[in-house]
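Trainee: Chains U and A are the protein sequences, given in the same order.
With the numbering used here, the residue at position 38 of the first sequence is 453, and numbering never jumps.
With the numbering used here, the residue at position 74 of the second sequence is 1225, and numbering never jumps.
Just so you know, these hints were derived from the structure itself, not from any lab.
Ideal Cβ positions, reconstructed from N, Cα and C, are used throughout, including at glycine.
There could be a bad hint or two in this list.
Quick list of in silico lysine to any residue cross-link-like pairs, SDA-like style, CA-CA up to 20 Å [what the hints assert, rightly or not]:
1) 458(U) - 1209(A)
2) 1258(A) - 457(U)
3) 458(U) - 1174(A)
Derived list of chain A stretches under chain U, where covered just means 3 residues or more per stretch with a C-beta under 8 Å from a C-beta of chain U [as the list claims (entries may be wrong)]:
4) 1218-1230
5) 1234-1247
6) 1254-1260
Non-contacting residues of chain U with respect to chain A, defined by C-beta distances greater than 12 Å in every case (computed) [stated by the list, open to error]:
7) 447
8) 454
9) 460
10) 469
11) 472
12) 495
13) 501
14) 514
15) 525
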Amino acid sequence: QVHLVESGGGLVNPGGSLTLSCAASGLSLSDYYMTWIRQAPGKGLEWLSYISTSGSTKIYADSVKGRLTVSRDNARNSVYLEINSLRAEDTAVYYCAVSYSSGWFDPWGQGTLVTVSS
Amino acid sequence: QSALTQPRSVSGSPGQSVTISCTGTSSDVGGYNYVSWYQQHPGKAPKLLIYVVNKRPSGVPDRFSGSKSGNTASLTISGLQADDEADYYCCSYAGSYTFVVFGGGTKLTVL
Chain U
416 QVHLVESGGG
426 LVNPGGSLTL
436 SCAASGLSLS
446 DYYMTWIRQA
456 PGKGLEWLSY
466 ISTSGSTKIY
476 ADSVKGRLTV
486 SRDNARNSVY
496 LEINSLRAED
506 TAVYYCAVSY
516 SSGWFDPWGQ
526 GTLVTVSS
Chain A
1152 QSALTQPRSV
1162 SGSPGQSVTI
1172 SCTGTSSDVG
1182 GYNYVSWYQQ
1192 HPGKAPKLLI
1202 YVVNKRPSGV
1212 PDRFSGSKSG
1222 NTASLTISGL
1232 QADDEADYYC
1242 CSYAGSYTFV
1252 VFGGGTKLTV
1262 L
């Protein structure tokens, strides 16, 4: 069975940084584009970034461009999201998901909560 | 404000059908046949229900169907069941620069 498991969330001070991880089991991530999506408390879904199979192509949403860096380690079957200059509005559950070129996502991980507060 | 417009809520009784609309523009919904729909129960991750407008992944019941006309996509759920009570999100491909846009979500209540 395919599972994606995010980790690395937690309470962070404004202005701080965090790196989220997404580990896969039951599938080889090297065969897939991967995406990060977030959901603020009580709000909708916001696509953030995707990374190609080799890592050579990375695309970011305008709302977060310059503060996010997506990367992957296919040998570790994992994808990462570094978030810098964290703000209160970055408080959200962050999901990783397998991403298809026509813009659909399946499966998703269970999410990891990032809370930005002093 | 989300890029795609969905009704905030819809409701229906068990056994009935409901339709959730998702309105965009010619730059997203109307420009590509790449609309997907997701179901999200409280505290859970979203689950893919429909992709490329009207395809169902393995395991999704045929009670769930998708369609599109112009700049508006729709998700129809027939034979409503209690477990269908959840939030539903539409998503559309929007070109290689924007990639995708989501709707604001619709809360389905099964009466």
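Trainee: Evaluate each hint against the coordinates.
Mentor: Hint check results:
| no. | hint | verdict |
| --- | --- | --- |
| 1 | 458(U) - 1209(A) | 28 Å, violated |
| 2 | 1258(A) - 457(U) | 12 Å, holds |
| 3 | 458(U) - 1174(A) | 18 Å, holds |
| 4 | 1218-1230 | violated (count 0) |
| 5 | 1234-1247 | holds (count 6) |
| 6 | 1254-1260 | holds (count 3) |
| 7 | 447 | 14 Å, holds |
| 8 | 454 | 8 Å, violated |
| 9 | 460 | 5 Å, violated |
| 10 | 469 | 17 Å, holds |
| 11 | 472 | 10 Å, violated |
| 12 | 495 | 19 Å, holds |
| 13 | 501 | 22 Å, holds |
| 14 | 514 | 9 Å, violated |
| 15 | 525 | 5 Å, violated |
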